[in-house]
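> In order, the protein sequences belong to chains A and B.
Heads up: the first sequence begins at 1 in my numbering, then just goes up one per residue.
Heads up: the second sequence begins at 1 in my numbering, then just goes up one per residue.
In short, the hints are calculated from the structure, not lab data.
Even glycine gets a Cβ: it sits at the ideal position worked out from N, Cα and C.
Take these hints with a grain of salt, some might be off.
Quick list of the computed label-pair ranges, beta carbon to beta carbon [stated by the list, open to error]: (1) B/PRO116 <-> A/ALA222: 25 to 33 Å; (2) B/ASP330 <-> A/PRO85: 45 to 53 Å; (3) B/ASP330 <-> A/LEU74: 48 to 56 Å.
Just a few of them, taken from the derived set where beta-carbon distance is under 8 Å, the chain A residues facing chain B [unchecked claim]: (4) ASP43; (5) PRO144; (6) ARG184; (7) GLY196.
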Amino acid sequence: MSPGPAAALLGAAAVAALLSERLLSVAAIAVVLLGVCLHGPKDRRALYLWGTFVAGFWVAVLTPLLAAEGSHYLWEGPTVPVLGPLGLTAEELEAGLLSALRLVAVGLAFAAYALLLDHDRLVQAAGFARRSALAVALATRLVPTLERDGRGLLEALHGRGVEVRGVADHARLLSPLLAGSLERGLNLAEAMEARGYGRSGATRAPAIRGRLDRPAVVAAAALVLAGALWL
Amino acid sequence: MALATVERVSFAYPDSEPALRDVSFSLEPGEAVLVLGPSGSGKSTLLRALAALVPHFHGGRFSGRVDVLGRDTRLTRPAELADTVATLFQDPEDQVVMARVEHEVAFGLENLGVAPQEIRPRALAALRAVGAGGLAARPTYELSSGELQRVCFAAALALRPRLLLLDEPTSQLDPNGAAALVGHALEAGAAVFVTEHRAERLLDAVDRILFVEDGRILLDADPQRARAWLARERPAWVAEPTPLPEPALDEVVVSVEDASFAYGGRTVVDRPSLEVRRGEIVALTGPNGSGKTTLAKLAAGLLEPAGGAVRRFGRAAYLSQDPGRYLTRDRADEEVALGIGGDLERGHRWLAAVGLGGLQHRHPRDLSSGERERLALASVLAVEPDLLVLDEPTRGVDPQRKAELAELLRAAAPKRATLLVTHDETFAAATAHRSVAIGGSSRDPNASNSLLLASRGAGSAGDD
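Generate coordinates for the entire structure from the input sequences, incorporating the hints supplied.
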């Protein structure tokens with residue numbers, strides 16, 4: 001499938017997950033997207049899946065504790081100063097699960113976009129929004145680049161006998177990682193300008209057409225959206 | 001008419017000392033000019049001035065005038081000069097825009113407004129011209145640094161520039177790859193302005209040589225006169241390595257026996273054996289992609305072999321080939337002291353040992369690329385290991401500093417075993433007691449490096 005329509009389908013799935021109020025619909029979308037992501041390269045997909053599921057887990061845990069809604073108590077706890085009465089209702093649990101599943105579905109849609117789509121062809125197919133598509137493609141590359149740089153930093157530290165243990169040690173690496181990515185971004189911008197980026201009169205290489213017609217896939221995206229909302 | 005003229009140019013980056021001071025010279029069409037000089041002397045800034053990136057991209061204080069084919073760079077943006085000037089920067093990983101090689105080469109052509117039907121043929125032709133035709137369909141993130149450097153060079157050639165600016169273009173390439181790239185550059189028909197620390201190959205191949213120091217041009221001469229000047233004034237740039245005395249060998253510090261390792265099913269190291277003893281420096285050489293870095297990591301204990309055995313006796317330290325991995329603290333001395341329990345005094349001593357004395361308070365990211373390389377080196381040397389593994393320690397390091405580094409390594413050699421991974425034949429010959437070649441042709445992925453591993457005296461390292 002061409003990357004443009006595939007991106008439209010993934011976008012439709014993410015929007016459907018965000019708009020749907022039904023737990024089962026969102027769960028079904030997440031399961032389908034997980035199946036899609038598992039087709040991604042094994043060595044690259046772990047970071048995306050791990051990040052998505054960890055974030056989803058914490059949303060599922062924290063939302064019921066912080067929310068105050070519903071009357072069907074599953075557990076009534078003590079009253080804590082500042083926070084007020086602690087408790088867990090069925091409605092809060094459902095809201096937490098729904099939020100977590102939505103986040104997981106959106107995360108998985110992004111993972112599928114990052115892992116499986118040909119971003120160059122997306123840029124080519126972007127028409128008038130080529131600059132925006134290029135910016136998105138470059139931003140998407142930030143995740144694997146940060147992961148590679150992070151591994152490199154850890155390796156260099158191990159190489160001189162420095163052990164990195166625990167959350168605090170890892171957190172200290174965030175600042176050099178971000179500084180490194182900013183520096184990389186500046187170097188890239190300089191190289192792009194030197195290669196004529198931003199000149200008027202740019203052309204583009206002829207794109208390779210996909211196997212499916214765009215209208216068919218756009219219709220499929222609309223169906224996914226409508227189906228999720230109806231269910 | 002000159003292709004480019006530089007008239008009395010001075011330039012300082014924002015909040016910095018001048019990087020260029022009253023520089024003047026001109027470039028003729030088709031001329032090849034080699035620019036030599038110490039790290040941080042202003043060579044890269046000179047290239048950027050010719051591409052109009054200085055002052056447009058970097059800001060700062062600029063005076064004087066640079067003209068390229070009659071276009072004043074103060075009034076012309078770098079993107080508008082891209083049809084005339086193509087630049088290959090030092091670090092290929094920071095230049096890649098697209099996800100696939102063919103699209104990467106096509107990127108510049110699209111920006112220049114080349115007719116769509118011409119873009120693909122020109123991109124593929126440029127890739128074939130640099131021996132990278134087979135990479136066209138590959139994702140750029142899968143390529144090695146050497147392969148990426150060839151792809152970036154193809155992207156520059158595809159633009160058919162009148163002026164080709166090359167900033168240390170062979171820093172990631174093995175000797176054969178470096179020679180091929182230099183040959184392609186000189187045959188491209190464009191004027192070539194190239195900075196290089198491994199200058200041996202270029203000294204007699206170019207028309208002129210500039211020597212830049214502290215932002216000033218000290219020499220502008222033909223190769224013959226330049227050689228004489230360098231021999232007299234800056235001998236490290238043309239010095240021949242002298243044979244090393246036989247080392248007094250002690251116990252084995254690392255022993256690699258039939259080790260193998262694969263990345264995602266692709267075998268990279270295939271049963272080589274290697275032994276390094278205390279007292280000796282062993283250079284590990286071989287073409288790009290032959291598994292040198294992986295073997296070095298196995299020796300240092302950063303990777304575990306899938307088969308065979310690696311035995312180490314004592315503490316190992318490993319210097320990565322990317323100096324950007326040694327920029328984790330806010331001060332240079334803190335970075336060096338990280339591996340020695342925060343001992344800043346020892347950190348200062350090691351900074352001085354690599355020529356960075358006085359820069360201990362500087363933020364590591366404010367250092368030039370050559371200074372960063374030396375900071376990384378100090379960070380690893382400070383650990384004082386039994387086994388020291390150095391992966392390409394001379395990238396961006398000028399010949400004077402290389403000579404000092406060779407001296408430093410040789411002086412400390414009796415205390416430890418040293419494994420040195422390098423493409424720099426001159427440095428290997430000046431530093432190592434013996435040289436071990438790994439791997440065959442990088443174009444033959446099936447070549448088993450166990451069959452091709454060969455050992456010999458370092459003096460013959462340049463005989464490949």
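> Indicate, hint by hint, whether the structure satisfies it.
Checked hints:
1. B/PRO116 <-> A/ALA222: 25 to 33 Å: Given about 32 Å between the Cβ atoms, the range holds.
2. B/ASP330 <-> A/PRO85: 45 to 53 Å: holds, 46 Å
3. B/ASP330 <-> A/LEU74: 48 to 56 Å: Cβ of B/ASP330 to Cβ of A/LEU74: about 50 Å, so the range 48 to 56 Å holds.
4. ASP43: Where the cut-off is 8 Å and the nearest Cβ of chain B is about 6 Å from A/ASP43, the hint holds.
5. PRO144: holds, 7 Å
6. ARG184: holds, 5 Å
7. GLY196: holds, 3 Å
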